[in-house]
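Colleague: All chains, full assembly: derive it from the sequences and hints.
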Amino acid sequence: MTPLFRYLTPQVLVSRVGHIVRVLPSRTLHCTFKMSCVNPVKRVGILGGTHGNELSGVYLVKKWLKDKSPVTRGTFETTVCISNPKAVEKCVRYIDTDLNRVFTDDNLRCDGQNSVYELNRGKELNRIFGPKHSPESYDFIVDFHNTTSNMHNSLMVHDTEDPVVMNLVNYVLQNYKHSHNYVFITGNAYHTTRTMGTHGLGIEIGPQAHGTLDADVYQRMEKITHYVLDFLDKFNQGEEFPACSVEAHRITEKIDFPRDESGDLTAMIHPKLQGKDWQPINPGDPIFLTFEGETICYQGNSTIYPAFINEAAYYEKRLAFWAMEKIQVSVPPLKVQK
Amino acid sequence: MTPLFRYLTPQVLVSRVGHIVRVLPSRTLHCTFKMSCVNPVKRVGILGGTHGNELSGVYLVKKWLKDKSPVTRGTFETTVCISNPKAVEKCVRYIDTDLNRVFTDDNLSPKVENMSGPNLPYEILRGRNLNSVFGPMGSEDCFDVVLDLHNTTSNMGNCLVLERLDDYLMFHFANYVQQFLHCPVFSKPLDGPFYSAQSMSKHGIGIEIGPQAHGTLDADVYQRMEKITHYVLDFLDKFNQGEEFPACSVEAHRITEKIDFPRDESGDLTAMIHPKLQGKDWQPINPGDPIFLTFEGETICYQGNSTIYPAFINEAAYYEKRLAFWAMEKIQVSVPPLKVQK
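First to last, the protein sequences are chains A and B. Taking the working numbering, I'd label the letters of the first sequence as residues 165 to 502. Taking the working numbering, I'd label the letters of the second sequence as residues 57 to 398.
Worth flagging that the hints you see were computed from the coordinates, not collected in a lab. You may find that some hints are simply not true.
The list that follows gives simulated cross-link-like pairs (lysine to any residue, SDA-like), each with its CA atoms no further than 25 Å apart [what the hints assert, rightly or not]:
| hint | chain 1 | residue 1 | chain 2 | residue 2 |
| --- | --- | --- | --- | --- |
| 1 | B | Lys142 | A | Asp262 |
| 2 | B | Lys146 | A | Arg265 |
| 3 | A | Lys418 | A | Asn314 |
| 4 | B | Lys119 | A | Pro435 |
| 5 | A | Lys230 | B | Ser322 |
| 6 | A | Lys254 | B | Leu181 |
| 7 | A | Lys232 | B | Lys124 |
| 8 | B | Lys314 | A | Asp380 |
| 9 | B | Lys124 | A | Pro249 |
| 10 | A | Lys226 | B | Lys146 |
| 11 | B | Lys146 | A | Val256 |
| 12 | A | Lys387 | B | Pro141 |
| 13 | B | Lys146 | A | Lys230 |
| 14 | B | Lys146 | A | Ser426 |
| 15 | B | Lys119 | A | Leu429 |
| 16 | B | Lys119 | A | Asp428 |
| 17 | A | Lys250 | B | Gly323 |
| 18 | A | Lys481 | B | Lys377 |
| 19 | B | Lys146 | A | Thr454 |
Modeller: Right, here's the structure in full:
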């Protein structure tokens, strides 16, 4: 495991996220952030329809495929793309397997055609937006999603040590004063489309029933996209972003529905939990209601913050909701590398 | 067209809905309702999973398949059934075609050459199978009541689908349940068309509760559906036991027009349900009210001449059926008094 701090000199330590700790002549410690200097963003990919029935992104991308000017900026090239066209055509999440889980090194390395549609499509996307992990890959990928859960506007981050993404997230939170923006740290739990690029961000907005368009959700997703592109443009132009602290949520546990021996459900999300994404669940709080009307309470030891409560697509993945902890992410200052 | 009134005697008229109008000796007119006598209800069917991803009914029926006592009453036999098991297994609306549209004479009793054989759509075969259990549709031997459980992504609340405006038994149920819960009534014109699973029986009723995203279970929706089912069964039991239900007037909504989304030449959407209409099922739309919002942010207003009441606003399954919402008119259904035929 990488040490949290390492020595630059015997009197100077640097942390993984860029804190500089110096021993001063007075023998006190002084901590500052080291400025992150990151290469400019030259190519940005915007993906909709990674899940074919999550329609906000599908229709935003369709609009921009006809006229890309709203998502064009002076300092980078934008590519918009429908990730899973077959699934979009049938208005289903996927044809054979979830496209948003296929971007593993093993899958992408495999040669030849596969009978699984999304594996082939993943490799095709990787040829356009990747290759993943290489310097030729797209600098930034935005991926649009909807959820049946009451997640409001959730920004999906897989790498909290990426100063570009974290400063971008801070920029959106500070500027888009919609009252309900949240940061969800996915970590490397699953290999999503946005991991093809150097930097990636998912925009997940709910609740919206799959296969429907909610105009307010659509407009919020459009607005957040504009904030993302504006930020990247400012970054490229040399604007400096000071160090900041971002409140985020990190997965601690996967909570499944209660099930019987055959794997079928024996309970539903409790009415007191339904729609309460991001609100604290304390030990003893009701979380499930059996079909006979009995309440099942949360048995954990400490407060958790739930997300993806009652997402339709997660019933088959055996997830009733994610249990998360709230953390503060220290973000170093950022400017573009000239 | 059937006349509104017909003569029973030169001094007595009866209307289509059972009003009796007499000329009294004083030459004034006196109007009462004629009592409707309906055969007792002997067999009741409860269907869940007619659409495999509408989960309230699926899980209620699964519960009652294990233990039928909560839905058993003394005066009739109850059968519970998962209508579309393959669709339920895959958690999709249907496999080949919408099961809730196959109950027509053409589909069920084929006279046409290409309507036989094992290569028919799964739901046609399943529909015939169900019709052999709960039907035959239109015959004396069919079930007395079929209750079909549905969910919708629309904000329809606790909607009762009473397709036939002249089914007094079901309209008396609507009147009965309104004292406990608000249940808007969704009806069709007297000439239909009728093709749903509930049509297999003499008295069909659908319970349609939303909003609930397909493929999810909302515990509050589940419990309301369970409660309304109990009200249905309690009502039928009271009816069978001879309770008389006085004449009443029931507010219902009758389809007037199918409103589709605006589309381009290829048939793809060019607009969404307007934020001011989203979730406003059953609330009046007046001419000039916003109903759609284009992807560029322009508002499209309702162009009709009179107030309508929308239902099934933004139902996911209706995008492919080219329906943004049903435009409906509000009507009062005069229901004659009812008692069981001994």
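Colleague: Against the 25 Å threshold, does the CA-CA distance of Lys387/A and Pro141/B hold or violate the hint?
Modeller: Not satisfied, since the Cα-Cα distance of roughly 43 Å exceeds 25 Å.
Colleague: Mind checking the alpha carbons of Lys254/A and Leu181/B for me, to see if they're no more than 25 Å apart?
Modeller: 24 Å, holds
Colleague: Lys119/B and Asp428/A: Cα distance at most 25 Å?
Modeller: Within the cut-off at roughly 12 Å; holds.
Colleague: Starting from Lys146/B, check that the Cα of Ser426/A is at most 25 Å away, please.
Modeller: Holds - the C-alpha atoms of Ser426/A and Lys146/B are around 15 Å apart, at most 25 Å.
Colleague: Does Pro249/A sit within 25 Å of Lys124/B, going by the straight-line distance between their CA atoms?
Modeller: Violated: Lys124/B and Pro249/A sit about 45 Å apart, past 25 Å.
Colleague: Given the hint that Lys119/B pairs with Leu429/A, test it: the Cα-Cα distance must not exceed 25 Å.
Modeller: Holds - the C-alpha atoms of Leu429/A and Lys119/B are around 11 Å apart, at most 25 Å.
Colleague: Regarding the pair Lys146/B and Lys230/A, is the alpha-carbon distance no greater than 25 Å?
Modeller: With a Cα-Cα distance of about 36 Å, the restraint between Lys146/B and Lys230/A is violated, given a limit of 25 Å.
Colleague: Does the alpha-carbon distance linking Lys146/B and Arg265/A stay inside the 25 Å limit?
Modeller: Given that 25 Å is the threshold and the Cα spacing comes to 20 Å, the pair holds.
Colleague: Would the hint linking Lys230/A and Ser322/B be met if the CA-CA limit is 25 Å?
Modeller: Judged against 25 Å, a Cα distance of about 14 Å means the pair holds.
Colleague: Quickly compare the C-alpha distance for Lys146/B and Val256/A to 25 Å and report which way the hint goes.
Modeller: 12 Å, holds
Colleague: Would you mind confirming whether the straight-line C-alpha gap from Lys142/B to Asp262/A stays at or under 25 Å?
Modeller: 22 Å, holds
Colleague: Does Asp380/A lie within 25 Å of Lys314/B when you go C-alpha to C-alpha?
Modeller: 24 Å, holds
In summary, the structure is inconsistent with hints 7, 9, 10, 12, 13, 18 from the numbered list given earlier, while agreeing with the others.
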